[in-house]
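Student: The lines below spell out each chain.
Protein chains: 2
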Amino acid sequence: MFDNLYVALLHYPVSNRNGETVTAAITNLDIHDISRSSRAYGVREYGIVTPIIYQHQLIDRVIRHWKHGYGGEHNPVRKEALQLVEVYETLEQFKEHIFKQHNIKPVVIGTSAKLRENSRSFKDVKEMIISRNSPIILAFGTGWGLTLEGFQAIDFVLRPIRSFATDYNHLSVRAAVAIVLDRLLGAQESDCGAA
Amino acid sequence: MFDNLYVALLHYPVSNRNGETVTAAITNLDIHDISRSSRAYGVREYGIVTPIIYQHQLIDRVIRHWKHGYGGEHNPVRKEALQLVEVYETLEQFKEHIFKQHNIKPVVIGTSAKLRENSRSFKDVKEMIISRNSPIILAFGTGWGLTLEGFQAIDFVLRPIRSFATDYNHLSVRAAVAIVLDRLLGAQESDCGAA
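First to last, the sequence lines map onto chains E and V. With the first letter of the first sequence counted as 1, position 39 gets the number 39 in this note's numbering; the numbers rise by one all the way through. With the first letter of the second sequence counted as 1, position 192 gets the number 192 in this note's numbering; the numbers rise by one all the way through.
Honestly, the hints are just simulated from the structure, not real lab data. All values derive from a computational prediction rather than experimental measurement. Don't take every hint at face value.
List time: in silico BS3-like cross-link candidates among lysine-lysine, alpha-carbon distance up to 27 Å [said to hold, decoys possible]:
1) 67/V <-> 79/V
2) 100/E <-> 67/E
3) 105/E <-> 126/E
4) 105/E <-> 123/E
5) 114/V <-> 100/V
6) 123/V <-> 126/E
7) 100/V <-> 67/V
8) 126/E <-> 114/E
9) 123/E <-> 100/V
10) 79/V <-> 126/E
11) 79/E <-> 100/E
12) 114/E <-> 79/V
13) 105/V <-> 123/V
14) 126/E <-> 114/V
15) 114/V <-> 79/V
16) 126/V <-> 105/V
17) 123/V <-> 123/E
18) 126/E <-> 100/E
19) 114/V <-> 79/E
20) 100/E <-> 114/E
21) 79/V <-> 100/V
22) 126/V <-> 114/E
Assemble the whole structure, with the sequences as input and the hints as a guide.
Tutor: As structure tokens, then:
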């Protein structure tokens, strides 16, 4: 486990299809899929960030079912994953929570389907995680991705995921989280990353 | 685009949590997420395989909305992804369909969270795809994965995905498809697979 590694799923401020700033709604499978990927790749905590308090209650109900209720008894490996989930109103709140654990401010690394200024390679970010010098938040936007305002709260941005086969860059956020974690922390078949 | 590459999502014969053979139900986001990942990584067709005819109607309705209806007008990039989706009753039917396109029988490559006999590396499978010598189906089981009977219909199995951080191997099928496609066909940052 990387006790310095956090994943954030941000529902505000994100763009909709028309480029307008919106608060995206929670998707139930974002809770499940991203907690399972986080658990598999050794993430310490998966923070779901939304300012809509009504949605906190929804998420809490799902989590309670798995952490303490029938779901967890019935399916203990799912419980193990959902134990990583916490809910925050803002990224700032999540950062404060992490600061209290480590006494060091976390570095927030954004993700984007587009190449942006201030981008870092997967190799550099992998080294940052493994060095364990400071806590790190990997931040993912829902909807059509973080707005420019959203990117201002971020220290730097990971290079976009690309296939060499196409230029289609509309992966689901669940797929993007899985791929980013695997690129950073997947066990490779050889030193030279055969896969 | 790899005109020899196909993804199959198998809902039968798969295991449930108790190791019993079942037909898993379709999950709506399996249609969306896996078609988007398939589109991004240059897959020619994404075949959803289930013997339950009632579920074919459900999938058809979703696809029609995006391929021909309001959904596609409203969100053309989603339409582009969902155009890859077809539905089959059995893996055998999907194989016959592919045989008709290529006049060569497809090689079926299974996936598994466990290391199995007759496994191949990501590197070997990547070379098979790029060589374009024969059509290839990457086959993913839903539920708790393909049964032993299911694996008998498969030519060989890709090595399991692993993180070097944990031994938790309960990824969602949506995450597993995304990671497998990225390992096989993701653009790397350097020749030596920096990520």
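Student: Give a verdict on every hint.
Tutor: Status of each hint after checking the structure:
1. 67/V <-> 79/V: It holds: about 6 Å lies between the C-alpha atoms, which stays within 27 Å.
2. 100/E <-> 67/E: Roughly 24 Å separates the two Cα atoms, so the pair holds.
3. 105/E <-> 126/E: holds (18 Å)
4. 105/E <-> 123/E: holds (22 Å)
5. 114/V <-> 100/V: violated (33 Å)
6. 123/V <-> 126/E: holds (22 Å)
7. 100/V <-> 67/V: holds (24 Å)
8. 126/E <-> 114/E: OK: residue 126/E and residue 114/E at ~20 Å, within 27 Å.
9. 123/E <-> 100/V: Roughly 43 Å between the alpha carbons, so the hint for residue 123/E and residue 100/V is violated.
10. 79/V <-> 126/E: Given pair residue 79/V, residue 126/E is violated - Cα atoms ~35 Å apart, limit 27 Å.
11. 79/E <-> 100/E: It holds: about 25 Å lies between the C-alpha atoms, which stays within 27 Å.
12. 114/E <-> 79/V: Holds - the C-alpha atoms of residue 79/V and residue 114/E are around 20 Å apart, at most 27 Å.
13. 105/V <-> 123/V: holds (22 Å)
14. 126/E <-> 114/V: The given pair, whose Cα atoms are some 26 Å apart, holds under the 27 Å limit.
15. 114/V <-> 79/V: Not satisfied, since the Cα-Cα distance of roughly 35 Å exceeds 27 Å.
16. 126/V <-> 105/V: holds (18 Å)
17. 123/V <-> 123/E: holds (20 Å)
18. 126/E <-> 100/E: It holds: about 24 Å lies between the C-alpha atoms, which stays within 27 Å.
19. 114/V <-> 79/E: holds (21 Å)
20. 100/E <-> 114/E: violated (33 Å)
21. 79/V <-> 100/V: Measuring from Cα to Cα gives roughly 25 Å; hence the hint holds.
22. 126/V <-> 114/E: holds (26 Å)
In this structure, the hints that do not hold are numbers 5, 9, 10, 15, 20, in rising order.
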